[in-house]
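The listed protein sequences correspond, in order, to chains V and R. According to my numbering, numbering within the first sequence proceeds without interruption in unit steps and concludes at 253. According to my numbering, numbering within the second sequence proceeds without interruption in unit steps and concludes at 1779.
Treat the hints with care, as some may be off.
Below, in silico cross-link-like pairs of lysine-lysine (DSS-like), each with a Cα-Cα straight-line distance of 30 Å or less [to be verified]:
{"no.": "1", "chain 1": "R", "residue 1": "K1006", "chain 2": "R", "residue 2": "K1610"}
{"no.": "2", "chain 1": "V", "residue 1": "K116", "chain 2": "R", "residue 2": "K1413"}
{"no.": "3", "chain 1": "R", "residue 1": "K1550", "chain 2": "R", "residue 2": "K1591"}
{"no.": "4", "chain 1": "R", "residue 1": "K1769", "chain 2": "V", "residue 2": "K71"}
{"no.": "5", "chain 1": "R", "residue 1": "K1592", "chain 2": "R", "residue 2": "K1610"}
{"no.": "6", "chain 1": "R", "residue 1": "K1525", "chain 2": "R", "residue 2": "K1722"}
{"no.": "7", "chain 1": "V", "residue 1": "K140", "chain 2": "R", "residue 2": "K1429"}
{"no.": "8", "chain 1": "R", "residue 1": "K1770", "chain 2": "V", "residue 2": "K222"}
{"no.": "9", "chain 1": "V", "residue 1": "K71", "chain 2": "R", "residue 2": "K1770"}
{"no.": "10", "chain 1": "R", "residue 1": "K1767", "chain 2": "V", "residue 2": "K116"}
{"no.": "11", "chain 1": "V", "residue 1": "K75", "chain 2": "R", "residue 2": "K1006"}
{"no.": "12", "chain 1": "R", "residue 1": "K1767", "chain 2": "V", "residue 2": "K71"}
{"no.": "13", "chain 1": "R", "residue 1": "K1769", "chain 2": "V", "residue 2": "K116"}
{"no.": "14", "chain 1": "R", "residue 1": "K1201", "chain 2": "R", "residue 2": "K1136"}
{"no.": "15", "chain 1": "R", "residue 1": "K1767", "chain 2": "V", "residue 2": "K75"}
{"no.": "16", "chain 1": "R", "residue 1": "K1770", "chain 2": "V", "residue 2": "K116"}
{"no.": "17", "chain 1": "V", "residue 1": "K133", "chain 2": "R", "residue 2": "K1413"}
{"no.": "18", "chain 1": "R", "residue 1": "K1413", "chain 2": "V", "residue 2": "K125"}
{"no.": "19", "chain 1": "V", "residue 1": "K133", "chain 2": "V", "residue 2": "K222"}
{"no.": "20", "chain 1": "R", "residue 1": "K1769", "chain 2": "V", "residue 2": "K69"}
{"no.": "21", "chain 1": "R", "residue 1": "K1610", "chain 2": "R", "residue 2": "K1559"}
{"no.": "22", "chain 1": "R", "residue 1": "K1770", "chain 2": "V", "residue 2": "K79"}
{"no.": "23", "chain 1": "R", "residue 1": "K1770", "chain 2": "V", "residue 2": "K69"}
{"no.": "24", "chain 1": "R", "residue 1": "K1769", "chain 2": "V", "residue 2": "K79"}
Chain V is nowhere near these chain R residues, computed Cβ spacing over 12 Å in every case [to be verified]:
{"no.": "25", "residue": "K1015"}
{"no.": "26", "residue": "E1112"}
{"no.": "27", "residue": "H1221"}
{"no.": "28", "residue": "Y1272"}
{"no.": "29", "residue": "D1357"}
{"no.": "30", "residue": "A1364"}
{"no.": "31", "residue": "A1365"}
{"no.": "32", "residue": "S1418"}
{"no.": "33", "residue": "Q1423"}
{"no.": "34", "residue": "A1432"}
{"no.": "35", "residue": "R1546"}
{"no.": "36", "residue": "D1680"}
{"no.": "37", "residue": "G1682"}
{"no.": "38", "residue": "I1683"}
{"no.": "39", "residue": "G1688"}
{"no.": "40", "residue": "V1773"}
No lab work stands behind these hints, which were simulated from the structure alone. The beta carbon of each residue, even a glycine, is placed where N, CA and C say it ideally should be.
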Amino acid sequence: MKNIILSSRGLCKSFAHNGGQIHILTGLDVDIYEGDFTVIMGASGSGKSTTLYSLSGMDRATGGQVLYKGKDIVKMSEKELASLRHGDFGFIFQQMHLVSNLTLFENITVPGYLNKSRTASETDKRADELMEKMGISHIKTHLPGQCSGGEQQRCAIARAVINDPALLFADEPTGALNKRNTTEVLDLMTELNRSGQSILMVTHDARAACRASRILYIEDGKMIGSLDLPPYEKQDEKRREVQVNAWLTANGF
Amino acid sequence: MKSIMKLVTADLRTKKGAFIGIAFLMMLIVISFTGTVSNNDDLIKAVDENFAQADCGDLLIRLYSDMLSDDIRDAVNNDPHISRARYDSTLMIYQRPHVNGEEMEILLELSEYTDNCKVFNDDCTAFLTGDTALQKGEIYLPYKLRTLMHTGDVITFTANDGTEFSLTVKGLYQDPIFGALTVSSNRCIISPEDHADITEKASHLTDRARNILACTDINIHTTDGHSPYELKKELNDKCSIIDMSLYSPSREELEDNIKLFTNVGVRIVFVYIVLLVTVVIIIMANSISSNIEMEHTDLGILRSQGFTQMQIRLKFVIEYTIALAAGAVIGLILSYPACGALIRLFMRLSCTLTSTDISIGKCAALSLLIILICVIFIFAATAKISKLSPVRAISGISEDMYFNSRLNIPVRKPLPLSIALRQITSDVKNYAGSILMFAILIFFLISISVFVSSFDTDAVYKGMNGDIKITNLGSLTLSDHDSIENVIKQKDEGAFLSMESSHRMNIDGQQIMVRAYSRDKDLFKPTYGRAPVYDNEIMITNSVSRSTGKEIGDSIQIKYISTTEEFVITGYFSTVNEYGVMACLTADGIKKMHYEDISECYVTLSDRSKANEVINALNSSFDMLSAERAKENESTKKYKKLIDGLLDIIGYVIYSMSVLFASVIVVMMTRSAFLRERTDLGIYKAVGMVSSTLRTQFAVRFLVVAVMGSLMGSIASAAVTKPMLTSMLKIAGITEFEAASDILTLTMPSAIVCAGIFAAAYLASHKIKKIEVRELITE
C-alpha cells in the first residue's frame, strides 16, 4: 500500500479575463503517491500546468484543498509557502529559469542556503556532488548564458533537489530541449526516482511519459483517467511507448 | 513621422513611470533656476527703477558740508563731462543713540523726507500710497533696522550744545541706495523741519567734539559714456574733491552691494543646476539602456518592419524630450509660488522690495538649452540601436546584460547582502552610473553643508575684533604697538595687540581707503597674487584695478599730503567694505607714507578673566588711549544672525530638493531594475525566498551604491569644496573660505542620503510582493 504524499480535493482555479472568468480547473481530485514518478498529460489548454502549479503551491488555487502532510497548501501564508518551496518541494521549469547573473554552482546553492538544517559548507558539498552526478561540474563557474539548454536544465534539476525535497515537480522539463538533451534529462529524472525521489511531471511528450510509473490524464480541468506502469527499464521502452500511446489515443490525446 | 508618433504615444501610455520620473527631475531643476534667475532679474529691475526714482547719478560723492567750497561747486557744475549734479544734505550722528532710554550700539544718518520716499506697509509687502509725509518729531527707519527698533520707539540724541532731539519711529522705508544689509550706513528719514533744526545744531569740523556733522551727497550724472572712474580723477585734479570726500562710490559699486547675495545665490544655483543636469543625463542614459535591453525583441520587430535605426532613435529622442518639456512647463508654472517665497527671503538681505514676476522668457530659454543638451546625450545613448540585428532580436538572441567578471562577489550567506553585491558587480556599467549620480549629489550636499556651517558672516562684515577695544584719544600710532603690548603681556602672557591704521590716500589720482595692520596684515587674503610683504608693495581690489587700469606687477603711485611713493601691486583682494574700493599696505608701507595713526585697535586675551586687569593697566599707563571691553555692534550682530538664519533656510531648501531628487532617482532605478530582474525575482521566489528578503536585497543594493557614491562624493568634496566655495564667495569678499571639517558636517549628508535611499528603495520595491511565481509558467 503506497502512502499518499499530496492530494487535492475539489481543486478549482479561475482567471479573470475581459471582465469575466475563465475556469481552468473545476473540482480536480487527485492523489500523488510517495515514491511514484507521476506524469500528468493532457491536450494543450487542458489545465495540466495549472494543476501542477496549484498542487505545488507555486500558484494559489481559487477553491478546494491541496493537502500536504495534513496541511492545506491553499490556505498557507507566503512565508509557509516559501518554506515549503525550499524545504519540501523542488521545481523544474520548462524554460529552466536560472538566475542569469549567478553561476551554475550558485544557482544550485542559493536555495540550499535557505535551508537551515544544513551549514553553508554542507550545502556547497552537496551542490558539488549533484553537479558531478548531473555531469556539469566542469562548468560550475559558468553563467547560464554560457551553457547549452541541456546543461542549464541539468543545473535546474540539481537546484530542485539540493534540499532533498519530498516531492519534485517538473513542468515540461524537456519542452525546450533537443532529442539528445531530452534523453539525458529524462535519464537523470528516472535515476532520481529510482533512488526514491517522488516526482510529479507535466508533459505532452508521450516518450517522456513512458518514464512514469503512473500517468494521469486531464481534460477540461478534470482528471478523466489514469494508467499505472511497472518501473521503467530501458529495454522495455518501445513496448511502453506503444502501451502509453494506445492509452492516450483512447483518451482522445 | 506619423508611425513614429504612434509608437511614441503607445510608449508614453505604457511606460509612464520612467517619463514621470524624468519630468519630475526636470521640474525640480526648472524650479531651482527659475526662482533664482527671476529673483536676480526682479532685483536688477527694482534696483534700476529705485535708482532712477531716487535720481541716483553715476557717481556719488559724500563730503562734509564744511568742505563743500564754492570752488568745488564750480568745478562740479562746470565740468564738461557732468550733465547734472544734485546736492543733498545728510546728517551723520556720531553718537550712539538712545532707543527708549537704552543706548544702542549703532550709528545713524538722517536725511530729509522727499516725495520719492517709499514707505512700507505694516507687513512690508507693499508701499503705502497716499500721504506719507512726516510730521515734526517723526522718523522713518530703513528696512534693515526693523529687527532693532519698532514703530513707536523713541530715538534720542544730543547736539554738542546739549540740545536733545527726540524722534518717534513712524515706520519703515526703503532706502534705495544704502538700504542693503551689506552696506553699513543706517540712513533714516526725518521731516524737513527736524532736518533744519538738527542741521542748525550740527557741529563743525573745527569743533573739538562732533556729535552731529552735516554732509553733502553730490549725485553726479556723467555725460553719455564717460567713465565715473575717469571723472573722479579729473575732478580730483581740479579741486581735490575726492581727497576730501568720505567716500565716492560709482553707481555700479552701489548696485553691486545690493545684489551681492543674489549674485552669490546665482553662482551656487548655477553649479547646482549643472550637477543636477548631469545626474538627469546619467539617469536617462541608464533608462534608455535598460529600455533597449528589455525591448530588444520589439525593436527588432520594428527594424524588420522597415523602421530605420535613425527612426527608432528618433522615437527615444521624442519620448524623452516630451518628458523633459513637460517637466519644464510644470516647473515654470510651479515657480510662481516658489519664486515669491524666495524673493521674500532675499528681500531680507537686499532690503529691496521687488516684484515676484517670473523671467519667463529667460527661464524658458534656459529650459530649452537644458533640453537641447539632454537631447544630444539621449541621441548618443541610443547609439546601440544601430547594432540591433532584427533577426537576432526576433529570435530572442540578445547580448546578455550580465557578464562574468572577476569583480563578481560570491553568493554566500547572508543572501540579501551577497545577492545585492552580486547584482552590482555583475552589472558594473549600469551601477557605475548610479554611483556617479549619488557621488554628485553627495558632493553637492556636503558642499552645501560645509557652506552653511562654515559661512563666516564675520568675513562679510570683515573687520578687526578682540576682547578689549582701545580707542585712540589722539596720538596713538603704529609705533606704540610694542610698548602697549608689553603692558598687556605683563597681565596676560598669551594676549596680543592688533592695530589698524587707515586713511584715504590718493592712488593714481583717486582717493582710496588704504589700510595697514600691525598684526592682522593678512585680514584681507588675496584672491590672486599675494599679500604685500615689503614696504614697497601693495594689494588692491578689483575695483581699484578696474578704475586705475593697473594690474599685478604694475607700479602705482600713492600721494599723501607731501609724500609720494611708488608701490608694486602684488595681488588682488575682495571686500564689501568701502564699496569694494580699497588697498592694503604693510605697516611699514603706510609708515613710509608718513601716516601711522590708529583707527582701530583691539586686544585679544588668552585668559578672558584678566580683562579688567588689562583694561586698568592700559588706562593707567597710557594717556593717548582708552580701553574698554569690546562690544559687538548691535546692528552688525543682528545682521549676522539674519544672514546665518537665511543661510540655514537656503541650506534646508537645497537639502530637501536634493533628497527629493535622490529619492526620485532611486524610485526610477528601482523600477528599472525591477523590470529587468522580474524573471529572476520570480525564480528567487520559486526556490523559496520571501518578498521581504528580496526587498531587503533591493534596498541593500541601493544602500551599497549610495555608500560607494558617498565615499566618492566625500573624496571629491575634500578636494574641491573649499576652492569651489572660495571661488564663489570671492564676490562677497571672502577670499579664503575656512571650510568646516567636523565629522558631523562631512558625514551627515551621506548618512541622510543613504538612509533615505535605503528607505526609498525598500518602499519602491513593494511591487516584488506582486510577482507571482506563475509568471514563470510557459503554457
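Quiz item: Which of the numbered hints are not met once you compare them with the structure shown?
Solution: 1, 5, 11, 19, 21, 32, 33, 36, 37, 38, 39, 40
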